[in-house]
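Participant: What follows is the residue order along each chain.
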Amino acid sequence: MKASARNQFSGQITAIQDGTVNDEVELQTASGLRVVATVTRASRDTLGLRVGANVVALVKASSVVLVTDAGGVRFSARNQFQGTVSQVTLGAVNSEVALTLADGELLVAIVTNESADGLGLSAGQTATALFKAGSVILGVAA
Amino acid sequence: MKASARNQFSGQITAIQDGTVNDEVELQTASGLRVVATVTRASRDTLGLRVGANVVALVKASSVVLVTDAGGVRFSARNQFQGTVSQVTLGAVNSEVALTLADGELLVAIVTNESADGLGLSAGQTATALFKAGSVILGVAA
Amino acid sequence: MKASARNQFSGQITAIQDGTVNDEVELQTASGLRVVATVTRASRDTLGLRVGANVVALVKASSVVLVTDAGGVRFSARNQFQGTVSQVTLGAVNSEVALTLADGELLVAIVTNESADGLGLSAGQTATALFKAGSVILGVAA
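Protein chains in written order, with full-length UniProt numbering: chain A, 1 to 142; chain B, 1 to 142; chain C, 1 to 142.
Worth flagging that the hints you see were computed from the coordinates, not collected in a lab. You may find that some hints are simply not true.
Since the list gives no way to pick out one identical chain from another, each pair is judged satisfied if it fits inside one copy or across any two copies.
[Unchecked claim] Simulated pairs of lysine to aspartate or glutamate, DMTMM-like, Cα-Cα distance not exceeding 25 Å:
#, residue 1, residue 2
1, Lys2, Asp69
2, Lys2, Asp103
3, Lys2, Glu105
4, Lys2, Asp18
5, Lys2, Asp45
6, Lys2, Glu26
7, Lys2, Asp117
8, Lys2, Glu114
As the structure is a computational prediction, the values presented were derived from the model and not from experiment.
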């Protein structure tokens, strides 16, 4: 499977929380990363999602918010990963920022250049990547 | 109405699934495309959404994930459309990819250049566009 | 706190609507802007969100849809702000558009160049910015 989402986390479902229209699914990667996704009940049924199933979580780089100097602020985003900036690629309006997480996985974010400047993002810096459970698409092998 | 969302699907509501905070709305375009949107209950009430109503679904190009060689992997995204790549426009960090769907409609996605490279996206190739119901904004004429 | 999300609205929670998996949180800024966010119940509990609490709402520029000449069309997006375009920065595929809202706050959107062209976006023009409650990340000071 080849998908354009820059962030793809393979793991096993560890928990499912029932909702009415939306369910919340938690998976854990082999390296220990926990990713939370919100999917509609209809998708859960169609895919046969259940605890123990192997899934891949797709997250677009444009769905990721980067935070530096959190200064004690806590965020509602269910997915929050600390890492070290490994590369910043500048475009005309947007920059692509690669973050190496504690478990060695790479996480990529697209932020505006002004944000990259404002955060002073450069290689070696610590940052936290946030993305909402609602930004995650789950895939399952047939 | 002029909106910046590159993907705009006009159709008629065919089903509404009740939730507590979020409702799920399905529409069908004249060409037969089925699009699913999640909207808050408050929006549904304000807009008076009901089966049979004419609506337009707005989807930003940056909300679309492209998949090639799915290899049997199935996805949770409620909106999944197969098409043929008709154009790839390269930017500094992002590429814009236009897909012609089976019904002739055009669907546009923004992906990072590295993704476009990784998928080997070029005109004539088959690809599937995924976007979550939560990425869709509905509009109704007054 | 420094976050890459270009749009950051500080305010006080004025209402919370209970859901099963998702709750809906409304905040109001000092300047009177009302912003609606959907967060998971788990996040609400962890952050201790309650009416009266001070929060900051983060909204990525890429989550914002711009509308001109709405022509009576009404939208499902819970957040809708009218403003005047103050700046358009063209990139290779995407443009960054800054909107000055009625209360003086700045709101930034990333749209494709073709959309910017199609809407004829230029300084001085009136436009409405739309973003879904599901696009908003909330932050609270410790």
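Participant: Sort out which numbered hints this structure fails and list those numbers smallest first.
Facilitator: 4
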